[in-house]
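Asker: Residues per chain, in single letters:
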Amino acid sequence: MRFFFKTDYNQDINLFRDGVDRFWYGLLIAVLVAAPFVLEDFWLGEISYVFILSIVGIGLMLLTGYTGQVSLGHAAFLGIGAYTHAILLNLGVPFFISIPVATVLSAIIGAVIGRPALRLTGVYLAIATLAFAFIIEQILIRWEHVTGGFKGFAVDRPEVLGIAIVDDVPFYYITFGALVLAVLAALNLLRSPTGRAFVAIRDSEIAAQSMGVNLAAYKTLAFSISAGFTGFGGTLFAHKIGYLAPDAFNILLSIQLLLMVVVGGLGSIHGAIFGAIFVGSLPQLIAILRDYLPDSVARQPGLEPGIFGLILVFFILFEPLGIYGRWLKVKLYFSLFPLYKKATFKRQKTYTKSERNR
Amino acid sequence: MTLFKADNLAINFGGIKAVDGVSFDVEKGQVFTIIGPNGAGKTTVFNLISRIYDPTSGVLSFEGQDITQVAPDKIAALGIARTFQNIELFEHATVLHNLLLGRHAHRGGNIASQLMFLPSVRRMELAHREKVEHVIDFLDLQHYRDTYIVNLPYGARKVVELARALCTEPKLLLLDEPSSGLNTEETEDMAFWIHDIRNELGITVLMVEHDMGLVNEVSDRVLALNYGRVLALGTPAEVQSHPEVIKAYLGG
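Going down the list, the protein sequences come from chains P and A. Here the first sequence stands for residues 1 to 358, numbered as in the numbering used here. Here the second sequence stands for residues 359 to 610, numbered as in the numbering used here.
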């Protein structure tokens, strides 16, 4: 077991706890940077898809995992980012300008949606965001001369300095850079007063308010930031799928995104990334699984959503802390070996909250 | 000098007059206690002061300023902090995190600087941390600094909540039943801390309390409520011997 000796307040603020942490994360980054020299293009494509999902996952994690606001409409923000970026590209706006513009637009729309959603909590908020996602989907279908309607349109493949930047290797590095940026921004936010206010709203609105947190402002901000991250992921997602059509951003995608943060582990950035790896590799796993299932089951079109739903239920029942929670348990098991006690992670009794002023 | 003043405060929930024409003054540097049987309206008075409820009528003033219309999230910045009867901590966060949130009213910097975590943000975080450490030192919470609230015993949670309120650097501290659920020893500690909060930190305390031992030990003035009305106001001894108060508690 490692012990941390703290001699400086900065140790609680820094991103890495100590040299050991710095070494392992450094190694991970080095491996990911070196990956294109070893892996085939197919795998690079898969990994960049996971990177994109991770960015979106971090966005949703900030809203759902940290601020406690459930959203079933994040596919819409992904769609707004993707469409805005692709349309701007078609209008001749440079790649590296259109991305921030699409991101900011998503964030603004997030704030606009967040405002009326303030009075709603829990399942009502989920329904409201779901309705919002349907509205956006309808807009994408009906606003034909801009979005191309049902048929959609192909995303431009821009070149910067003569390099087709959405080809496998350059795109891999772009998504990797984007993910690093997103993780840094999220971690910075979480270690500053705004991130603390988000967590406070999640755990006790009434206490947060009496400590000076403006609930309306911070919930709107959480929505806006989350939408911004998701839209940012959407711009890259557009290139990943190559062709934009409204049915790419339907309710199933929203549920997949929510599945990602719940399965990964609510309330941690690690969880968002673990969830993205899981959701990113699930279609592959299901494809492999199809080979071993009887034909009558394997041909069912509902197999994939069905398995998603089943996994979500199993995680909520048996591992509410998600993959990240399981990872922490495994880590503790080995660091305490052979003294690990199962009860360490038993859910504690919570004291009654009778008189909550909501 | 009067720090806080409630003038003819009243609130109705439907036909129920939860608080009905309550007036009192809290002098600077006092420990002022509100007592009364269950449902007398004590916590409602607190919720009115922290602006969670809007009073039906009456005026609240703090340092001579009318705070009846101030938004609930601006109360902390004015210098009024509170604890809750049913502990309201951020359970899935560490003690340190909870206490740092107590510094929210004193935060600085905008969202962009926080996303980049500029050196100015770090400097402010370090300054907040130092303030928090003083409070940790004051209430002997060193041992729990990195513990998650869900893993804390009840008694420790009470102290953390008090600590969080102190982190806002209040001028007026509202304590809603600081000793409820604590054992005798912890209640004695609480009495010492309330003394120290007043004498060392110079913070005025307004509290709701049932434990008459604690009330007698620390209070300068006591207000007895029943059915939302004032029964008696005075020193602890005066209020306790007041016939109306005895009648409210013992019946008759």
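Honestly, the hints are just simulated from the structure, not real lab data. Keep in mind that a hint or two might mislead.
[Unchecked claim] Derived EDC-like pairs: lysine to aspartate or glutamate, alpha-carbon spacing no greater than 16 angstroms straight-line:
no.	chain 1	residue 1	chain 2	residue 2
1	P	Lys6	A	Glu575
2	A	Lys489	P	Asp8
3	P	Lys6	A	Asp504
4	A	Lys489	P	Asp12
5	A	Lys432	P	Asp12
6	P	Lys6	A	Asp412
Asker: Does each hint fit the structure? Answer for all of them.
Answerer: Right, here's what the structure says about each hint:
no.	hint	result
1	P:Lys6 with A:Glu575	violated, 40 angstroms
2	A:Lys489 with P:Asp8	holds, 15 angstroms
3	P:Lys6 with A:Asp504	holds, 12 angstroms
4	A:Lys489 with P:Asp12	holds, 15 angstroms
5	A:Lys432 with P:Asp12	violated, 29 angstroms
6	P:Lys6 with A:Asp412	violated, 46 angstroms
Comparing the model with each numbered hint stated earlier shows that hints 1, 5, 6 do not hold.
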